[in-house]
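Visitor: If you want the building blocks of each chain, they are given just below.
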Amino acid sequence: MGFQFDISFFVYEIGIAIQYIPVVLLLSIVPLMVGLLLGTGIAIIRLFKVRALAQLFTIVVVFLRGVPLLLQLTILYLTVTLSFDSLAQTLDLNMTSKDISYTLIAVIGLSINATVYLSEVIRAALQSVNSGQYEAAYSIGMTSLQMLKRIVIPQALPVAIPLIGSNLIGLIKGSAIASLISVVEIINGTLFEANGNYKFLEAYLAAAIIYWALCILVERIVAFLETRVGVYGKGGVV
Amino acid sequence: MIVVKGLCKSFGKQEVLKGIDLTVEKGEVVVLLGPSGSGKTTFLRCLNFLERPDAGEITIGDTHVDCKSVTKNEILQIRRNTAMVFQLYNLFKNKTALENVMEGLVTPRKIPKIEAEEISRKILKKVGLGAKHDAYPSQLSGGQQQRVGIARALALNPEVILFDEPTSALDPELVGEVLAVMKKVAKEGLTMIVVTHEISFARDIASKVIFIDGGVIVEQGTAEEVLFHPKEERTRQFLKRILPASDYSI
Ligand SMILES: Nc1ncnc2c1ncn2[C@@H]1O[C@H](COP(=O)(O)OP(=O)(O)O)[C@@H](O)[C@H]1O
Ligand SMILES: [Mg+2]
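So the protein sequences, as listed, match chains A and F. Once you know that position 190 of the first sequence is 190 in this note's numbering, the rest is easy, because the numbers rise by one and skip nothing. In short: position in the second sequence from 1, add 238, done, that's this note's numbering.
Every clue listed holds true.
Straight-line alpha carbon distances no greater than 25 Å define the calculated DSS-like cross-link-like pairs of lysine-lysine that follow:
(1) F:310 x A:49
(2) A:49 x F:306
(3) F:310 x A:149
None of these hints come from the bench; they were simulated from the model.
All chains, please: the whole structure from these sequences, using the hints.
Guide: And the structure:
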């Protein structure tokens, strides 16, 4: 018996994969939002060299950037599950590690990862704004907050948006790693269906197509946003 | 009135300003001259705390500060009493000419938008850019950008406008239009401190010329005195380098 590609099973698996898109979005959009929020805070703290905090975050960022996402997630997963039972016991909670949502652990892990990368993205975008802009803002009597809101962020956005977009694509693809800590997302969902008939190629291909479609969609949205921000006159993005 | 006493500023071990004393009366136009690296820019930047002086006292209008114990609020107060025109214009790139002029009124001073726009339109007209309200900086020539820079400063109605070599980044044919605007506002009685090597401007407009070298005031007096009858050898050496021979012999 030679190799046979089961088209109808493949189509069926695409349908299954589509059902898990919300899980992928949860695993990527929430970390993106958390990352944007915390990352902006960290970037500003590092940029304005806030004492102690700036150094602390620099060390954390450099450390986490150097560890693969796969390891970050599994280490977080193991730490939480292994320490949870004894922690629950001492706190007299009627829970065991079985009750923790693996999805939540994955969301937290991906959020940490996104925060690290986005803090660097936002720092680079803020630094791309010429120091003369900061000085002019101060010279007309703006406070630091007014300057950020009115001058710096609007100019940093055109630089940041494509980078944020590629980070989101990274998060969508990175969410696949959550399958290794038992989160049922696109990969585990489609593989589960193939367990009985061993048609794993169809399952993996269906998953791949959906990831690809999601990433294309994000790219389109980013391209659209890029045309909407930062066209200051005919010189284009300046 | 502006009074500066004993202003000092170092960068690391390098002492850039070594105790500057200066009094500028209301409506005076003071021209600062000096070789490159003598501390002219640093002095202007200290006056509005873009650079934090190490020591000295600054009085601008009703705000008096001791640089050693200056508070955030006092810095904001001083900045709102001064305006600066930069060598490289530093117009807000994300704002049109009109928005650039309005920004200092609307955001820090909370003047209603309609009123701010009216003021700003008038001032843009005064600097000859009535037709360029909606242009972004990238669509303007250097001379036009600098005139917007002057308009932005004028809109704030400050005690003093600080000019840091406002024409030195311009193509020669654009210098005239900017100097003309500066002369116009000087004649309206604005207090100005101007770093420039445009001797004609100093000769025609300055009520006082100050020569700075090595972080100290070497010589000061009227334009006539300092430019054409300098007492100090260092001033003479400097003028010989920047003045065309014919000018100097007048
Ligand atoms: N931010 C800074 N950090 C270190 N050194 C500086 C800084 N700004 C100016 N300087 C130094 O201070 C001296 C005076 O500079 P500046 O005030 O720009 O002179 P000028 O405007 O008269 O040419 C120069 O030697 C310059 O290198
Ligand atoms: Mg200078």
